[in-house]
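Colleague: In case you want the letters, here they are:
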Amino acid sequence: MIHAVLIFNTSGVARLTKFYTPLHQSSQTLIPKIFSLICSRPASLCNFLDAPELEAFLGPKGEEDERWRVVYRSYATLYFVFVVDGAESELGILDLIQVFVESLDRAFENVCELDLVFQFDEVHHILAEIIQGGLVLETNVEEIDNSVQLSAKLRKESFASANPLSLGIGVGGAGSRGGNLKSPLGWLTGKITGGRAM
Amino acid sequence: MWERTLQDLIRGLRANKKDESKFIAKAVDEIRKEIKSEDMELKAGAILKLTYLDMLGYDMSWASFHVVEVMSSPRFHLKSVGYLAAVQSFDQETDVLMLTTNLLKKDLTSTPADIAVTLNWTCSYFMIKYPDVLPQGITRLKEKLDDPDPGVVGSTVNVLCELARRNPEEYLTLAPQLFHLLTTSTNNWMLIKIIKLFGSLSPYEPRLVRKLQPPITELISTTPAISLLYECVHTCIIGGMLQGSSGDSLAKMCVSKLAAFIQDADQNLKYIALLALVKIVPSHPHLVAEYQDTILASVNDQDISIRMRALDLVSPSSLQSIVQQVLSHLVPDTSSSTLPTAAQSLAQHAIPSSPTTAKPHISPSQSPAYRLVLSQRILTICSQSMYENVTNFEWYLSVLVDLAHVANVDIGSQIRDQLVDVVGRVKGVRRYAVKLMYTLFCSEVLWAAAWICGEYCSELSEPQKLLPYLLQPQIATLLPEIIAVYIQSTAKIFGHWAAEVAQRWDDDDLPEVKSMVDLILDRVRDFVGNSNVEVQERAANTLQLFTFIQADLNAYRPKPADNPFVEAACTYFEPLHGAYELNPVALAAQASVPIPDGLDLDAWIVAPPPDLLAEADAEARARKVKKGKGKEVNGSKVKSGKKKHKEEGNGNAVVLTPPGDDVETPDQALEREQRLAERRERQRDDPLQPRSAFEHDIDSIPVVRLDDMPSLAATTNTPTRMLSSFPQYEVDDEVRTSTPEPIQVTRTKKKTPGKKKRTQNSNNLPEASNP
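Protein sequences appear in the order of chains Y and S.
Sequential numbering of the first sequence, starting at 1, is according to UniProt numbering.
Sequential numbering of the second sequence, starting at 1, is according to UniProt numbering.
If you are wondering where the hints come from, they were derived from the structure by calculation, not from laboratory data.
The beta-carbon is built from N, C-alpha and C at its ideal position, and this holds for glycine as well.
A couple of the hints might just be wrong.
Some chain S residues judged to face chain Y by a derived CB distance under 10 Å, without partners named [claimed, not checked]:
hint, residue
1, 15
2, 18
3, 140
4, 143
5, 145
6, 583
7, 585
8, 587
Below 27 Å or equal to it, Euclidean Cα-Cα: the simulated DSSO-like pairs (lysine-lysine) are [unchecked claim]:
hint, chain 1, residue 1, chain 2, residue 2
9, S, 36, S, 144
10, S, 36, S, 26
11, S, 22, S, 33
12, S, 211, S, 257
13, S, 465, S, 514
14, S, 279, S, 257
15, Y, 33, S, 33
16, S, 514, Y, 33
17, S, 465, S, 435
18, Y, 156, S, 435
19, S, 36, Y, 33
20, S, 33, S, 18
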């Protein structure tokens, strides 16, 4: 399965971090480590990072087949890094990174680093259409794009219905906060105080 | 008031790069206020900002309850923020997990189709976590494999692949359906997954292998997708499809495909090909051997990933050149200035075999971890199956020494072990080894250096010149175990040298010997108070022995023909260390020594006191086995029976059983004589038997007759060491901080029957130490 998807730029600043399994070490030490190993590799080298230093970070995986591998690809100023185990095909993951980037490109129209910076939630939603729980859902860019657009539309509609006067979309957008929504926690507090059954 | 949105926060962060922490502290303060707001939009905005900060490494676990609040919003755009925050920040310790599961349950029952994805994920995730629900799960998955939606089938295959890796047997029933998919599907990603799935299934079902061979062979030869081709080859290898006659041609095809990959310009293909070749080596080494040259070239690749995999593959047939190559990777570029010895020896060895590799590439990361792996790899390649591949041990020793110099990582102890091992096994190399060690004296290999020099000092022409090195004042800073070896080696070397000197005694030698003895005494005295017991004891021993020698030397008057003292003094040591040569023993040698009849290795010869029994079990066992060899004679079975009886009787440990208890009948005596003769015969040729075993008649050594004390002479000869409470000695009870004084041994006359006295003693000892 896929254990993590990371995006960081050429100066090592994280743009997206997504972990599908709990880490053995804090992500704040893992990312700089992977970055330092990757950034020293010229583009002519292979896209698989096989460094002994990583063993400690990726957990004690005894058997050869259980070892975690780091597959990465660099696009302009960004590194796309996938941490996977033996169940994934190395070359397949390289293709998957391509699919992911193409999907981003479709969603943002000529994606650049700034898109990822300012719409990090959207990037997460796109990733969620491709990978769920470390397993690949869809590899067809068309299908991915359709689902991404569908869920974006749903969010937009939902926002518009809550904020009839707003022009923009998105949570906490600069528009007015007309919908004075109360937290619908009634059923929850009921649970906590042990009141009614659900 | 206008609250900051996520975009504002990010802009702010970018504008305040210099003072980021301050800016974030302020932002988090705002978030804390906003998050408590009644306004759900505001709350969600705060959560989103927090999620972003979480990615940058700021804690958001404190907000988990608010995350659940946002998740519970009926608005889809808010709910999705909540879900995002939850998957990013929740872990197993999060306290609101129960709330979250309840919420999930609620969402899933009422839900819009959009969150169905979550359902899919949760489902597979839970099945991986909790295998007990599998029986129901498998049928569901089986249905899903026939789903008309290719997306569903693909996800199901993914889930299956994950599950089958854990216990493949359970999924064999799905094979026909999967096989159908394999032959009909055109989706490469799914095909890869199915192929992988078969890779884990086929080792459990031999028929599957036969069935799979045709379609996989077909795929290998036709598919244009390299990733799929590679996975097919990989599955053939790990799925055991290369066995048997039909497998051979498939194996050839696989290896030739992989070899083409290695030669490909694409580094990725090179890497994965090496990865797959590693797995094929155990079954088809000859096929891989054909490509040895290509693999060797990869060892020098500029890519560290490729190097590491190529190292796994190198066959030991061309050991020397490989090791030199790897070693050259370890040599730092500036080695000539800092490490002259290493550079010299390297130049001597590395250049003739592989002149091209001496040029450093774009320095492959000189990270310690990589260096450690390289160093370990050298050691394992060389020492594989008892140094089978090493043809020139002098070369190997120089490699080890070079490695000690250049490795610069924590591998000293392994090098040390190998040095001692090689020198112990290979006689021919000892002279060279001693010379080499003479120049070495650095770091952890010191242990080996000192030991080798001491043990084989006869190979040196002027061993005494080594003594000042061993006695440098700086050695006090070394590890205790190294100091101990140093002291021991000093004694060995002195003994050997002094014996040599004594043979061609000339009065002019006296000052040299004297000064050497003075030097040794002077230095060793420093270690008598050492906190390490091993060092302390060796130092104390050495000190006492050398004090004798010093006394003798001082008493010497240079009259011709009157030097027995000196000769004696100088030859004291030689037999202590040189009497027996240390030989390697074959791995199975112990097994070929038959266990003598009537020897019960598990029976106590002397039962230890109960409290010792627990803590020193393992140790006692080892010791007992040794002693058991010499002492089986008196019918240990009878004794042990008695002992058991006694132990039950008085509860306390019986330290010794007086032999007077069992009176020997004439028959037993005869039997004993016979067995003794037999054993002597056997032991004469047995190199494992300690010398004392055939010099003394063990049976004549009284096992301490305390009632009528044995003569002094008889007992002082016994080398047998009893357990901790050896009765003849009574050592002063005063607490010593160090052991400078020679131990005072006083033999006490015991008025009370010995046995009782002893048991009292052993009982009293622990009590005495208690307050």
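Colleague: Now tell me if each hint is right for this structure.
Modeller: Each hint tested on the structure:
With a least beta-carbon distance of about 13 Å to chain Y, the hint placing residue 15 of chain S at the interface is violated under the 10 Å criterion. Annotation: residue 18 of chain S was flagged as interfacial toward chain Y, and the flag is violated, the nearest CB pair being 15 Å apart, outside 10 Å. For residue 140 of chain S, the interface hint is violated, the least distance from its beta-carbon to any beta-carbon of chain Y being 16 Å, above 10 Å. A cut of 10 Å between beta carbons decides the hint on residue 143 of chain S: the least distance to chain Y is about 18 Å, and the hint is violated.
A distance limit of 10 Å between C-beta atoms decides the matter here; for residue 145 of chain S the minimum to chain Y is near 15 Å, and the interface restraint is violated. Checking residue 583 of chain S against chain Y: minimum C-beta separation of about 38 Å lies over 10 Å; hint violated. Hint on residue 585 of chain S is violated. Least Cβ distance to chain Y is approximately 33 Å, over the 10 Å limit. Because the smallest distance between the Cβ of residue 587 of chain S and any Cβ of chain Y comes to about 26 Å, over 10 Å, the interface hint for this residue is violated.
Taking the CA atoms of residue 36 of chain S and residue 144 of chain S, the gap is about 44 Å. The hint is violated against a cut of 27 Å. Taking the CA atoms of residue 36 of chain S and residue 26 of chain S, the gap is near 16 Å; set against the 27 Å cutoff, the hint holds. Restraint check for residue 22 of chain S and residue 33 of chain S: satisfied, since their Cα atoms lie roughly 17 Å apart, inside the 27 Å limit. A C-alpha spacing of about 22 Å is found between residue 211 of chain S and residue 257 of chain S, which places the hinted pair at or below 27 Å, so the restraint holds.
A hinted pair counts as satisfied when its Cα atoms are at most 27 Å apart, and residue 465 of chain S with residue 514 of chain S qualifies at roughly 15 Å. For a cut-off of 27 Å, the pair hint linking residue 279 of chain S to residue 257 of chain S stands: about 15 Å separates their Cα positions. Using a Cα cut-off of 27 Å, the hinted pair residue 33 of chain Y and residue 33 of chain S is violated, with the two alpha carbons roughly 35 Å apart. Taking the CA atoms of residue 514 of chain S and residue 33 of chain Y, the gap is near 61 Å; set against the 27 Å cutoff, the hint is violated.
The suggested pairing of residue 465 of chain S with residue 435 of chain S holds, with an alpha-carbon distance near 12 Å, which does not exceed 27 Å. Taking the CA atoms of residue 156 of chain Y and residue 435 of chain S, the gap is about 82 Å. The hint is violated against a cut of 27 Å. With a CA separation close to 37 Å, the supplied pair residue 36 of chain S and residue 33 of chain Y exceeds the 27 Å bound. Distance check on the hinted pair: residue 33 of chain S and residue 18 of chain S sit about 25 Å apart at the alpha-carbon level, within 27 Å; holds.
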